[in-house]
Amino acid sequence: MTLFAPLQRFSFARTTIRARSAAPGKPRIATSLSVAFEDVRVRVGDVTILDGLSVRTGEEAVLCVIGPNGAGKTSTLNVMTGMLPRRGGRIVIDGADVLRPEPAIVANKGVARKFQTPSVFPKLTIDENLAVALWAGRWRGFDLLRLGLFGWTSPLLEEMRGRFQFLHDGTRPASALSHGERQILELTMALITEPRMLLLDEPCAGLSHEETAAVIDAIQWARGELNLRIIIIEHDMELVRRLADRVVVLHQGRFLADGSVEEVQCNPEVRAVYVGGSR
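In the working numbering, the protein residues as written are 28 to 306.
Hints were generated in silico from the structure; no laboratory data involved.
Quick caveat: nothing in here was measured; it's all calculated off a predicted structure.
Positions of the beta carbon are idealized from the N, C-alpha and C atoms, including for glycine.
There's no promise every hint is true.
Straight-line Cα separation of at most 20 Å, EDC-like style, residue types lysine to aspartate or glutamate; simulated pairs [to be verified]: (1) K53 / D66; (2) K136 / E86; (3) K53 / D124; (4) K53 / E186; (5) K136 / D124.
Ranges of calculated distance between the beta carbons of each label pair, as one might list FRET restraints [said to hold, decoys possible]: (6) G115 / D272: 42 to 48 Å; (7) S61 / P149: 33 to 39 Å; (8) A123 / H195: 38 to 44 Å; (9) G72 / G233: 28 to 34 Å; (10) P149 / L126: 31 to 37 Å; (11) P130 / M264: 28 to 34 Å; (12) Q247 / Q192: 44 to 50 Å; (13) D272 / N135: 46 to 52 Å; (14) P130 / K53: 14 to 20 Å; (15) I132 / H195: 19 to 25 Å; (16) T144 / H236: 19 to 25 Å.
Using the sequences plus the hints, can you model the full thing?
Dropping the structure here:
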């Protein structure tokens, strides 16, 4: 947090850095990222979290991962991004083995993540949170000497500001935002890094009906306009129906089934799991 100390110690940083300028562009790669899990195993103590999970992305733009509680959905994202150690198996991102996934390494490959519980900087303002996200892959060491660094913007950020008006209130601290606003702020922070793969863990959890509709619209826009793959962990089947090109079902840390929404809903193994287990 030493990087943000000037913002917290000097009031001028919050009041005078309002002029916006275009953030440096990021080099774009023509294809979205792919990821494959091959016999991935994760244990925490005596508890098996992932039990030989094998699954890979295909041609879909939006992949939704569903399953009963304890199926290993969030753990799949955690092991991919280096937040859980694996005991065996391979993780392949963009055709390359990731021997020891770490958050920074995975982020540098073009992966951004929105967590189930909003993960924003509560002591920073909306604008400061957005500035931190815009720095990703753009800033160089000498930029930290320029106050203009905190006024960067981008067409993608302006698109999100147009969709969510509270983002214009840049001097509000993130700690003063509602749960739904923090969810949307984190989604915006993830998107404006311009990732090739976006990981969303229950992106509409705790949102109002209006907020949910707006977030779904934003995800649909990103799907159509941006060259990225979106992986969504979700329980809400209505959201899955609206967004998913393909659905993967996990159960007890293993791959159970995949296909379209209609195909997985008609799958007898999937129906048995949901009837016999808890959502």
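Results of checking the hints against the structure:
1. K53 / D66: 34 Å, violated
2. K136 / E86: 19 Å, holds
3. K53 / D124: 24 Å, violated
4. K53 / E186: Holds, at about 17 Å.
5. K136 / D124: Distance of about 12 Å is within 20 Å: holds.
6. G115 / D272: 42 to 48 Å: Between G115 and D272, where Cβ atoms are some 30 Å apart, the hint is violated.
7. S61 / P149: 33 to 39 Å: 35 Å, holds
8. A123 / H195: 38 to 44 Å: 40 Å, holds
9. G72 / G233: 28 to 34 Å: Given about 30 Å between the Cβ atoms, the range holds.
10. P149 / L126: 31 to 37 Å: 34 Å, holds
11. P130 / M264: 28 to 34 Å: 30 Å, holds
12. Q247 / Q192: 44 to 50 Å: 19 Å, violated
13. D272 / N135: 46 to 52 Å: 27 Å, violated
14. P130 / K53: 14 to 20 Å: 19 Å, holds
15. I132 / H195: 19 to 25 Å: The hint (19 to 25 Å, Cβ to Cβ) is violated, given that I132 and H195 are roughly 35 Å apart.
16. T144 / H236: 19 to 25 Å: 21 Å, holds
Of the numbered hints given earlier, the model fails hints 1, 3, 6, 12, 13, 15; all others are met.
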